[in-house]
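*Asks:* Quick mapping for you: the protein sequence lines, in order, are chains F and R. For what it's worth, our numbering labels the leading residue of the first sequence as 1, then goes sequentially. For what it's worth, our numbering labels the leading residue of the second sequence as 1001, then goes sequentially.
Hint data in this document are derived by calculation from the structure and do not stem from the laboratory. Incorrect hints may appear among the rest.
What the hints assert, rightly or not - Each computed SDA-like pair below joins lysine to any residue, with the alpha-carbon atoms no more than 20 Å apart:
(1) R:K1200 / F:R85
(2) R:K1365 / F:F14
(3) F:K78 / R:P1212
(4) R:K1009 / F:T107
Said to hold, decoys possible - Here are a few chain F residues that sit away from chain R, every Cβ distance over 12 Å (derived from the structure):
(5) D9
(6) G22
(7) R48
(8) G59
(9) R60
(10) F100
(11) D114
(12) D118
(13) A143
(14) T220
(15) E288
(16) L300
Glycine included, each C-beta is placed from N, C-alpha and C at the ideal position.
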Amino acid sequence: MNQAILSEDIRKSFGEVKALQGVSLDVGRGEIFGLIGPDGAGKTTLFRIITTLMLPDAGRMTVLGLDAVSGYKTLRRKIGYMPGRFSLYQDLSVEENLHFYATVFGTTVRENYDLIADIYSHIEPFKKRLAGQLSGGMKQKLALSCALIHKPELLVLDEPTTGVDAVSRKEFWEMLKKLQQKGITILVSTPYMDEATLCDRVALIQGGRILDVDTPRRITEKFPHRIFQVRSDEMFRLITDLRDFKKAGSVFAFGQYVHFTGLDDEVECVELDNYLDKLNHTNVLVEEIAPGIEDVFIHLMKVS
Amino acid sequence: MKRFIGFVKKEFLHIFRDYLTMIILFGIPAVLVLLFGFVISTELKDARVAFLDLSNDGTTHRISEKICSSGFFKRGASLDSFDDIESALRSGKARAVVVFGNDFERNLIREGRATLSVITDGSEPNVATQTTTFISAIVAGFNADLAGSDSPGTLLVQPEVRMFYNPLMKSQFMFVPGLITMIMIMICALMTSITLTREKEFGTMEALLASPLKPVQIILGKVVPYFFLSLIDAILILLLSWWVFGLTVKGSLILLLAEVMLYILMSLSLGILISSKAKNMQQAIFGTLVGGMLPTVLLSGFIVPIDSMPEIYQWISAVLPPRYFVVILKNIMIKGTGFLFIWKETLILLLFTTGFIALSLRSFKTRLQ
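With the rest of the complex left out, here is chain F:
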């Protein structure tokens, strides 16, 4: 069995809402696999089915070679799950939380200390502090330690870096890389596109459907158009003006730039420069860039 997760046409509805509409994907053992998509795309629902917390309406889910429905008892010992919401006891101390999860999984902190040492050493000086009083980054490290304490084969992290500062996010991904080297398969979801490039492979999910699955690099290489980033002093007018441009394909704000794709690939930088000059834009900057995952995402959303 090479696959850690094999999902075949998984469907799940909550009343009228179709959360998952036929999700098929496979995650190899030892991979860091990213699930990228906006809020409400179905990431959490898919994770809950993988972690045996929910039953799919239809389809087959095989995790670590076991059926996620019938083999849930065994699977719960082998999976480490960090839910999207901070799910530790705020009125227990750092140490007490860790010991509690160790006992619940039938192990001890000492037994698996080497696995979490890297992460836990950051928060160990505060081990007597109540979990509710930790900072966002420390809470996340504690939650990760608790999810790892029973030495899981598969680690499922639901938006672990949401609401965490940039430095902690970077540290966190370095930790994930180290865990990968110890042979743990990691499935992680994130709304941040920049984190996608840190995964081995990513799946883009939207509206309960998988748009594409590939390595981050090949996903961006598949982008069929040339893309320009444009800037001027008046950003809002810039967007409306660019949308009025006769060869405009897609125009959307991206941080402090506007990403522009032409109807065909014959649009050149100079053309845009001239057009914007005529409309009295100042401090104009137009340059061609390599497409990012977000560009691909928006493109795929339009196509589907």
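Following the hints, put chain R in place on chain F, whose structure we already have.
*Replies:* Using the frame of chain F, we list chain R on its own:
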């Protein structure tokens, strides 16, 4: 087993760390016992009683002497006519007036019965009730003396008062069984349903379910700490009523504790059942108040006697477990009866308990909804 112990340990940490929980657990019961106890049992001391003695014979003297020497009452004015009664009560010089009719002793000997009237100041219903109850009891004691004496036949002095139920003097302790019933259901049902829904609300239930813990372990892990704490609470209430008010348990203490444990178990399983249906803490609190507290207070016979309820409420009361527990407690604590007299109620409680446990085990899912 280690898992389970770890879980119970965690639960105790939650309880001991949250001062609010500790107050609800131990503060509120103590305050309630003292409050109820003092409100009900302090006022009757040296209450002034006036006498209108139209016979003025040996028996009426003996009865009035007995009333005044009881410690509850003090001899007030001796009235001359019925017209004086109202002014005596209105001026506050007397809390009650005892009236002996004409030829009291002669009637008692000739006809074997004689009547005295007790007129009380109804503007203070508590005092009035207590006064009539106490005087009735004293007269009952006098009757017993008469019956035991050499006088031929059974002689009866009939006090003519509107008696409230329970003519025994122990009435001031009637609140203790009701209080235990109420506090137990409050702590057990409310606290367990809150702690279980808290796990749901804070998202920790998701992590618990994703672990190898079994639902039974989670439920029992929640129940065990509260079982012991509630038991301590019940003992605390009994001790307090004993120290402060001198209440002694007439029946078997072991039987009492066993019944208390059964009731605690019933309340805990009710709490679990409520929490398995409730989505958040608000719903759980609302559910326990409506499903547990209110019916206990209003319909269990704790405040309003079941016999004097409208028939429909009597029917509702019949499906409320606390009602049966009040009966059990009154029997053991005040009447001192044994298990033979309460086996029916015990069986009903047992049925409720198994029913609740079965229902909540069925509705507690191993997965998220």
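*Asks:* Decide, hint by hint, whether the structure agrees.
*Replies:* Hints, one by one, checked against the model:
1. Of the supplied pair hints, the one linking K1200 of chain R and R85 of chain F holds, its CA atoms being roughly 11 Å apart against a limit of 20 Å.
2. For the hint linking K1365 of chain R to F14 of chain F, the alpha-carbon distance of about 17 Å falls within 20 Å, and the restraint holds.
3. Distance hint between K78 of chain F and P1212 of chain R is fulfilled; the C-alpha atoms sit about 9 Å from each other, no more than 20 Å.
4. For the hint pairing K1009 of chain R with T107 of chain F, the CA-to-CA distance comes to about 16 Å; that is within 20 Å, so the pair holds.
5. Non-interface call for D9 of chain F relative to chain R: holds, since the shortest CB-CB distance, roughly 20 Å, exceeds 12 Å.
6. Distance to chain R confirms G22 of chain F as a non-interface residue, since its nearest Cβ pair spans about 21 Å, more than 12 Å.
7. The Cβ of R48 of chain F does not lie farther than 12 Å from every Cβ of chain R; its closest approach is about 6 Å, which violates its non-interface assignment.
8. Under the 12 Å C-beta cut-off, the non-interface status given to G59 of chain F relative to chain R holds; the minimum distance is some 16 Å.
9. With a cut of 12 Å on Cβ distances, R60 of chain F stays outside the contact zone with chain R, its closest approach being about 17 Å.
10. With a minimum CB-CB distance of about 5 Å to chain R, F100 of chain F fails to clear the 12 Å threshold, and the non-interface call is violated.
11. No Cβ of chain R approaches the Cβ of D114 of chain F within 12 Å, the least distance being about 22 Å, so the stated non-interface status holds.
12. With a closest Cβ-Cβ approach of about 22 Å to chain R, D118 of chain F is found to remain outside the 12 Å limit, as its non-interface label requires.
13. Taking the minimum C-beta to C-beta distance to chain R, about 9 Å, the non-interface status of A143 of chain F is violated against the 12 Å cut.
14. Annotated as non-interface, T220 of chain F keeps its C-beta farther than 12 Å from every C-beta of chain R; the closest such distance is 34 Å.
15. Residue-level check passed: E288 of chain F sits 45 Å from the nearest beta carbon of chain R, beyond 12 Å.
16. Residue-level check passed: L300 of chain F sits 30 Å from the nearest beta carbon of chain R, beyond 12 Å.
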